[in-house]
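Residues per chain are reported as follows:
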Amino acid sequence: MNDMRILERDVDTKEVKIAARDVQVYYGTNHAIKDVSVDIEDKTVTAFIGPSGCGKSTFLRCINRMNDTIDVCRVTGDIRIDNQDIYDPRVDPVQLRAKVGMVFQKPNPFPKSIYDNVAYGPRIHGLARNKADLDDIVEKSLRRGAIWDEVKDRLNAPGTGLSGGQQQRLCIARAVATEPEVLLMDEPCSALDPIATAQIEELIDELRQSYSVVIVTHSMQQAARVSQKTAFFHLGNLVEYGETGTIFTNPVDPRTESYITGRIG
Amino acid sequence: MTDASLSPAAAPRAGLIATDARTRKRNAAEKRFRAYGICAIGVGLLFLVFLFTSILRSGLPAFTQTVIDIEFTVTQEQFDTAEGKMLKTKEYEKLFIAALEGQLQERGLEVAFDGKAIQRLVGKPGGTIRSYLQANPDRLGAPISFELAAASRVDGYLNGRITRDSLVDSRFLQASDLDLIDALQQADIIKGAFNWNFITGTDSGVDNPGGAGLGASVIGSFFMMLVVLFLSLPIGVAASIYLEEFAPKNRWTDLIEVNISNLAAVPSIVFGILGLAVFIQFAGLPQSAPLVGGLVLTLMTLPTIIISTRASLAAVPPSIRDAALGVGASKMQSVFHHVLPLAMPGILTGTIIGLAQALGETAPLLLIGMVGFVAREYPEGFLSGFTDANSAMPAQIYTWASRADPGFYEKAWGGIIILLLFLITMNAIAVVLRRRFERRW
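Sequence lines, in order, name chains A and P.
Residue numbering for the first sequence follows the working numbering, starting at 1 and increasing by one per position.
Residue numbering for the second sequence follows the working numbering, starting at 1 and increasing by one per position.
What the hints contain is simulated information worked out from the structure, not anything from laboratory work.
Where is the CB? At the ideal position from N, CA and C, for every residue including glycine.
Any given hint could be a false lead.
[As the list claims (entries may be wrong)] Derived lysine-lysine pairs resembling BS3-like cross-links, with alpha carbons at most 25 Å apart:
1. A:LYS106 with P:LYS94
2. A:LYS112 with P:LYS331
3. A:LYS152 with A:LYS112
4. P:LYS331 with A:LYS99
[To be verified] Just a sample of chain P residues kept apart from chain A, beta carbon distances all over 10 Å, derived:
5. GLY37
6. GLU83
7. LEU178
8. ILE353
Kindly generate the complete structure, drawing on both the sequences and the hints.
So this is what it looks like as structure tokens:
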């Protein structure tokens with residue numbers, strides 16, 4: 001818990017990046033998210049914890065409107081990024097997703113070369129004017145994904161040939177290549193071994209300097225290690241939200257205490 | 001409560017070496033199941049071997065043509081005499097008969113025959129000889145080798161289709177001719193040669209199986225397949241992409257889905273009569289045209305392509321779609337950049353299987369008039385290949401099989417060999433394409 005307090009001091013901005021008010025999500029008749037209101041700060045790692053099926057991934061997918069792809073899913077309420085309503089009918093979800101990157105639970109590189117994996121986003125958004133530009137973006141993104149040194153000699157090798165941890169860092173590099181402002185991570189380490197997990201966690205901490213990072217995790221230790229803010233979800237409700245240190249040492253709600261001490265969940 | 005009380009109160013287990021009755025029963029059941037499997041495969045292979053041997057045995061004679069190969073000299077003098085006569089070709093026939101007699105005597109083979117017998121064996125050779133000499137007057141006085149196609153009954157006798165016992169004397173062949181054929185065969189004048197005409201030729205009259213060829217209907221099939229490929233692949237793939245990736249899942253799309261599956265099971269003859277009513281009678285397209293055949297077969301192939309394309313699109317893992325959407329690709333970009341390339345092997349396999357199925361389809365073609373006897377000549381050019389009356393391989397085979405002359409029987413089998421060669425080639429292409437496009441993820 002000690003080093004966690006050191007991390008807390010590093011939080012240098014209190015600007016609200018994502019503001020959610022009274023968000024409700026329904027899957028058909030199933031009310032999956034109930035009245036969630038939360039302010040997520042810029043340049044902060046915010047962790048969502050909670051038992052399986054509590055709605056933390058669902059809420060995460062609301063932030064870049066990935067839930068739009070599910071036919072039966074309905075979202076009401078208000079989610080604002082930089083004070084703009086992302087569910088405004090005029091908002092193009094494709095543009096939104098370029099601004100809000102996402103890393104998934106299972107590493108899912110495209111079955112293409114490492115270079116093409118990273119270059120795909122910048123290409124479709126027209127971020128590079130020429131090949132040299134694109135090379136720069138790819139190198140910078142792979143460096144940010146902390147995988148450049150391992151793959152710089154084989155950029156044309158298929159991305160699917162990498163190990164699990166490398167694939168996940170490649171996916172992070174792919175997500176940051178489009179210069180997002182928010183990075184959503186849905187249990188990014190659940191398929192990885194402890195060494196790869198440590199590498200990714202280190203990387204998340206570095207990414208915090210440029211992005212607002214929201215991470216869903218099943219591991220409370222991971223939430224404690226990487227995040228400054230923690231939100232605890234239970235049965236579709238946001239039970240408690242606050243400084244990570246407070247949540248883990250001095251939770252207000254008895255349910256939070258039960259969960260982090262292992263009595264429920 | 002101790003742990004031991006949780007386990008069922010069964011008899012103590014025997015050691016690992018001794019198998020108990022239950023295990024023996026299970027193992028026996030597995031062994032039986034394997035034996036059934038091997039039997040099933042064995043029966044399948046047996047039928048396959050039977051099929052191929054019978055096809056090859058009956059069909060290979062179609063690729064050979066019995067010819068009378070004879071070398072003799074016509075002098076300038078003989079030529080002038082013959083040209084001075086009234087019945088000129090008759091004179092050349094006499095020369096031909098004299099040469100035959102001479103060569104048989106040289107080898108000590110004594111057979112009596114007349115001009116009628118020769119006509120039964122090779123038709124009227126005089127005309128062929130005369131026109132050759134007129135075209136090449138410089139060859140007069142030198143030995144010339146003539147190769148004349150023998151009548152189909154001679155073919156039949158040499159192939160064993162006609163025997164001395166089964167022969168009934170007719171104007172086509174008589175028992176005395178068989179002695180002549182035997183003698184000519186001994187003299188190495190009658191022999192088999194590869195029948196190029198069967199591959200490149202067109203359909204012949206009902207009484208001339210020797211002159212029948214599959215070439216024109218191969219061309220007809222080719223133009224039909226062009227139409228099928230260029231219509232059914234884009235329409236089928238576009239429809240599947242829309243249904244699988246974009247269309248909302250509601251009662252309408254369910255209805256469409258059920259109906260596409262139903263279409264795949266509609267008998268082909270129904271499509272034939274539909275094509276006759278819509279394309280020929282209503283739209284006024286020409287009868288017997290490969291274009292119309294192609295349109296009908298497109299209707300038949302579409303469900304196959306749509307079903308296999310949808311299956312291969314659905315098999316692409318959703319994580320790839322998420323990944324593309326996650327970096328800000330639009331729905332269409334995610335489909336065309338990522339999903340479609342991964343589904344490509346399945347789409348191509350489905351398409352080629354659909355095309356192969358269409359290539360072997362007969363019934364709808366008969367209804368729109370693409371019957372075998374229409375394939376009398378090659379189309380004049382590429383575009384008229386679509387509209388000129390023609391037949392297709394399976395319809396041609398059907399027509400031959402229904403003709404009375406037994407010579408056509410082996411032509412039908414030979415046609416099946418060619419058709420099978422095309423189908424095997426197409427399936428091989430499907431396998432190669434599948435390997436080429438397959439990517440692992």
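* List of violated hint numbers, smallest to largest -> Result: hint 1 breaks, nothing else.
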